Amino acid sequence: MKLIQCIVHPAKLDQLVTALQSVTSGMTAHEIRSCGPGISWHAVYRGVEYETLLPRVLLDIVSDDTWVDDIIRIVVETARTGEANNGTIHIMPVEESYHVRTGFMDQ
Amino acid sequence: MTRSRIAASLIATFMLGALVAPVFAQTPAPDPAGLTTGDKGAAIDGGGNAFVVSEPTDKSAPDYAAKLKEYEDFKAQAGKEPLAMKLADTVGHVRIGSNFSWTLMTGYLVLFMQAGFALLTCGLIRKKNAGHLMMLNFAAYVFAFLAYWAVGFAFQFGAVAVNAAPVNLGGTPTLSHFLVGSGQWGFLGGTGFFMSGAAYDAGSMCLILFEVVFMETAGYIIVGAICERITFWAFLLCELFVGAFLYPIFGGWVWGGGWMSQLGSSMGLGHGYVDFAGSSVVHAVGGFCAMALAVVLGARLGKYGPDGKPRAFPAHNLVFVVSGTFILLFGWMGFNPGSTLGASDLRIAVVAVNTNLAAVAGSASALMIWYLMFKKPDITMACNGMLAGLVAITAPCAFVSPTSAVVIGTIAGVIVCVGVLFNERVIKVDDPCGAISVHGYCGWFGAVCVGIFADGTYGAGWNGVGASTYLGAAGRGVTGLLYGDFQQFKVQLGGATLCAVYAFVSTFVVFSLVNKVKSIRVAPEVEREGLDVPEFGQLCYPEDAYETAEG
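Listed in order, the protein sequences are those of chains W and S. Numbering of the first sequence is given in this note's numbering, commencing with residue 1 and proceeding in unit increments. Numbering of the second sequence is given in this note's numbering, commencing with residue 108 and proceeding in unit increments.
Source of the hints: derived by calculation from the structure; they are not laboratory data. This one's a predicted model, so the numbers in the text were calculated from it and none came from an experiment. Yeah, the Cβ is synthetic: ideal placement off N, Cα and C, and Gly gets one too. Be aware that a few hints might be false.
A few chain S residues facing chain W, derived, Cβ under 7 Å [stated by the list, open to error]:
| id | residue |
| --- | --- |
| 1 | R407 |
| 2 | Y411 |
| 3 | G412 |
| 4 | G415 |
| 5 | A419 |
| 6 | D485 |
Residues of chain S placed beyond 10 Å of chain W at every Cβ, according to the derived structure [what the hints assert, rightly or not]:
| id | residue |
| --- | --- |
| 7 | A195 |
| 8 | A257 |
| 9 | M480 |
| 10 | T487 |
| 11 | V521 |
| 12 | L528 |
| 13 | E531 |
| 14 | G541 |
| 15 | G601 |
| 16 | E650 |
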């Protein structure tokens, strides 16, 4: 089992949720702010300048190893616009998982 | 007048409390039911000529013979037409009635400004302190009102009938005794404590409703500069101080027939110190009081980096800021035009237009300056600019032309921008909402503007000066530097500066002492986490997900 964490643009969330439906059983979205090299806003408030992070969406998807490649492919195809700062995908191993209602997880 | 004598009088006032009012009750009895307020004596035409011709008393006057003939003609005519005299009573009563409804209605508009201030200041601060700020705005109204009820109104208007009777409201003849001073040198009013006795009168009550909301404006101006770090108990002390002493004392000098208003007749300084609706009396007093408190409190944690450079604490809700500003603009349509205390004074239309013009001019100039300086127009500065224009036009609104109103507003928009940058970068007084710049600096400027831009078309006989002729012309009113009255400019410049010094120094002294006894600022850890829960136990924006379990 793997945890796939995708940081994507909020404008792509809708399409992603639809596109991922066939390969996942659910996902969790977080509203986050992020920055990267050359990616932040140069803001000014009442004459004082400061840097501010950009709003992004963090998607958590837990999946069987067999589906991971498909999920990565779908996310990359759907969330890509070709510009810089399209987001990132991270894959981590998941040791165990349970449903709160039943106390165990069907494989 | 020494400070100790004033202090002794204040203490005596507190001890005597309500007993004072009946002791000084004068011959005209109060009229709580409003049955006799407004009779034929109040039947006055547009030019200010009374229907009832009074008997001339000064036999040495050059026009005595003509006046006496006029009086005798009137008496003969009145004897023949008793019905006309009866009708004149009705006309006078209706005139006072229409003035009452105007004054009360505009008072309600000013009251609504409280909501505008709450929204504006709340929007401008960080959301971790939003609940605390809303409580400050709320408590300001409640506690300052009670302080004004107990002593504030009496100090300010207890002797208004002596020199500045509000004839549009029937003259309030019962408010006629100075506690400190007398004649043209009144320093503190002395009737109407607890809004009873001499003040329990329909005309006085109308004046009270209108004036108490003005005091509240000064009371909540200070919130904008002291929020995000003041303790609640210290804030309550501030409000009691403003409502009972700081605001009413200066207000009495200018509006209560006190010594500043009489400088025209007593020292030949134009029409005396003139502040139509309170650029200095309300706004500069509030603004410089706020400045003193901000100095005593110090800057918010983290406002200045280790290098001493200011950091941005961005506004948390621009929707609040803009809607609050427009509520204030709407309320100002009561603040300025209402200050005629009567709809029978048709200058209200000019006042309303001037007020709006200065508001948009101030907003435009602040916005454009910011656009040019920082390449991005700042909505919060545009809102501050609108308020700056409003504050600056408040004193001169009745005395200037629409063109002058635009000029005044435009300059005020510049002042507010320079003031915000000056406070933040040069003297490093932390003012989260720009209250010092908007109300203090622009308030001072507005009062001076009367002495520059007043064009003489309005205010003949103001403060008892030039009722028949002024500067050699009949019907000439308050006149500024540009229209040939240097004396008016002198008294405006001196009076506005005195106002700023008075408000700053007295607040600074009082609250430096209070701060020595017990710090008026919250602990650093409270400030870091936000004041909402440590001070009041509740968040303005509680988490959606954090609810009590159902089972």
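Worksheet item: Broken hints, numbered, in rising order?
Response: Numbers 1, 2, 3, 4, 9, 10, 12, 13 and 14 - these are the hints that the structure violates, sorted from lowest upward.
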